[in-house]
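Chains as they are written, first to last, in my numbering: chain A, 30 to 184; chain B, 30 to 184; chain C, 30 to 184; chain D, 30 to 184.
In short, the hints are calculated from the structure, not lab data.
Be careful, since some hints might not be right.
FRET-style restraints, in silico, Cβ to Cβ [what the hints assert, rightly or not]: (1) Glu93/B <-> Glu93/A: 52 to 58 Å; (2) Gly95/C <-> Asp81/A: 38 to 44 Å; (3) Glu115/C <-> Thr162/B: 45 to 51 Å; (4) Pro165/B <-> Gln157/C: 22 to 28 Å; (5) Glu93/A <-> Ser161/B: 48 to 54 Å; (6) Ala174/B <-> Asp81/A: 46 to 52 Å; (7) Ser161/B <-> Arg89/C: 25 to 31 Å; (8) Gly84/C <-> Leu159/A: 46 to 52 Å; (9) Arg49/A <-> Ala174/C: 24 to 30 Å; (10) Ala174/B <-> Gly92/C: 21 to 27 Å.
Which residues of chain C face chain B? A few of them, derived with a C-beta cut under 8 Å, are [claimed, not checked]: (11) Pro59; (12) Gly61; (13) Cys85.
Where a beta carbon is used, it is the ideal one built from N, C-alpha and C, also for glycine.
Number of protein chains: 4
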Amino acid sequence: MSSQRLFDHDPSTEPAFAHRVPVIFAHCDPAGIVFYPRLVEMINNVVEAWFDQLGCPFARLHGEMGMGVPTVTLQVEFNKACRLGEVLELALHLESLRHKRVGLRIQALCQGELRWQAAVTLVCVQLQPLKSTAWPPELLQAMQAAAPAHDGTKN
Amino acid sequence: MSSQRLFDHDPSTEPAFAHRVPVIFAHCDPAGIVFYPRLVEMINNVVEAWFDQLGCPFARLHGEMGMGVPTVTLQVEFNKACRLGEVLELALHLESLRHKRVGLRIQALCQGELRWQAAVTLVCVQLQPLKSTAWPPELLQAMQAAAPAHDGTKN
Amino acid sequence: MSSQRLFDHDPSTEPAFAHRVPVIFAHCDPAGIVFYPRLVEMINNVVEAWFDQLGCPFARLHGEMGMGVPTVTLQVEFNKACRLGEVLELALHLESLRHKRVGLRIQALCQGELRWQAAVTLVCVQLQPLKSTAWPPELLQAMQAAAPAHDGTKN
Amino acid sequence: MSSQRLFDHDPSTEPAFAHRVPVIFAHCDPAGIVFYPRLVEMINNVVEAWFDQLGCPFARLHGEMGMGVPTVTLQVEFNKACRLGEVLELALHLESLRHKRVGLRIQALCQGELRWQAAVTLVCVQLQPLKSTAWPPELLQAMQAAAPAHDGTKN
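With the rest of the complex left out, here is chain A (with noise of 0.2 Å):
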């Protein structure tokens, strides 16, 4: 592993979510820059509020469904500090999709300025006992139709 960037920035594609996140008080640190384990807690918000719109919420996919899809890699640049009063347009793009699990890369940027780059992969998971398995074919489909270039067959 290098100290290299991990990413290229390519703002040219749609995303297949996007939301505004305003950094508050309880974001800060002492340098009164945003504490970056609380980046990493809008990396998972982001992604809860894009299965909100893909018809799965948390609470359904963690409830009735038995089911969770923890983060199993995650990797994040940090380009420039986040402050106190500053609003991140922060943007999910679909990188893969794959029967079990699903690749994302999530930028943050301030007023056209990119701040902060994570890629995740999460896992689909049933929770009793915890294993991993295929998405349910709703919320495989909900994520195609986001992503419509992508191919969702593989692995």
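Use these hints to put chains B, C and D onto chain A, whose structure you have.
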């Protein structure tokens, strides 16, 4: 970026720092396992504890020294869920040391089993105004002593 | 201090500020309900959002104004657990307004049912050095306008 | 509710449990002091550590026993700001013990100075379905032993 393993596990090297972290209620999510942003907070905490050991506590670093060590890249691989009541053995390895940055690898084991590991790159900054700067000599020396095989003079 | 009810519920008065907070995954604990320190974070967040509405965002308060509003007392009564996927309707009531402090009551309802309520006392401080100070006139006026029946001149 | 002191400070009694909590970076806000929801998290953590000592760790309580101890009332008085690098000495006092609930007082001192104190009421519940229940006999006995002067038979 792929969904492949980010790391190879090499338990043979001596860590620069180690400490134990019990998994507590505040770490855990509705699936009964550690919520991954709390694991990322553990990463920050072990770095902070290492700086204590280096003789440069964050209170002094951020206070009288007017400096900080923001994280610029973060990569984490979650191999197995961590559960309430388990105790994680965190080992911090110094991977690379440069004039203005340091690369660290952190492994979390539970009863000899690798649960997650992370790589972080930290840069040395002055806070007012925020800009990268060289490590203070005493801190650089303390880091070099923690990892004698590493060369602290590059970049 | 007793274990009796801390509050009487009087839903008849108009709140000075209201907003909706969805219960998200990050709020919830292994029992599947909101972990109470996250509810306390919601209390801080609703106060912060109210200060935005008052024309005095925390970024400006803590930044150019060099001031803060630390909480000096907090009382919370948790009436019923809040669950993932529910939406809380938070209502902030101004209870007392003095030259250097303000007393707020915050109620959280879900579908008309009281889930928790809190009382907080905030003091106005300057940060360097940390000492209590009178509200800036524009902020005092904005608070008085938010609660016209209250007398802002005592103590 | 008034903005008066919530507590009298009586340092003469022996705590049922004590532990030390260093103030770390993750606790602190842009004003450089502990963000109060993090202090509330400390309250939960000290209760959890006390249950470990009582022989009933939360992992067993929430796991095999299918029980929990939700907080139903919380009162906190913040006397003086806590800063990065300080070490808080937390003392937990058992105030009242009933068949289905317990009242605790927690004081945080730093170098002999009271920084904050809290009172919490916890109720014993079974989780599925969520309803209050009597303390398991072994846990009740352990609590009584922790506070021999208290009468555990009321209500």
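If you check each hint against the structure, which ones fail?
10 and 13
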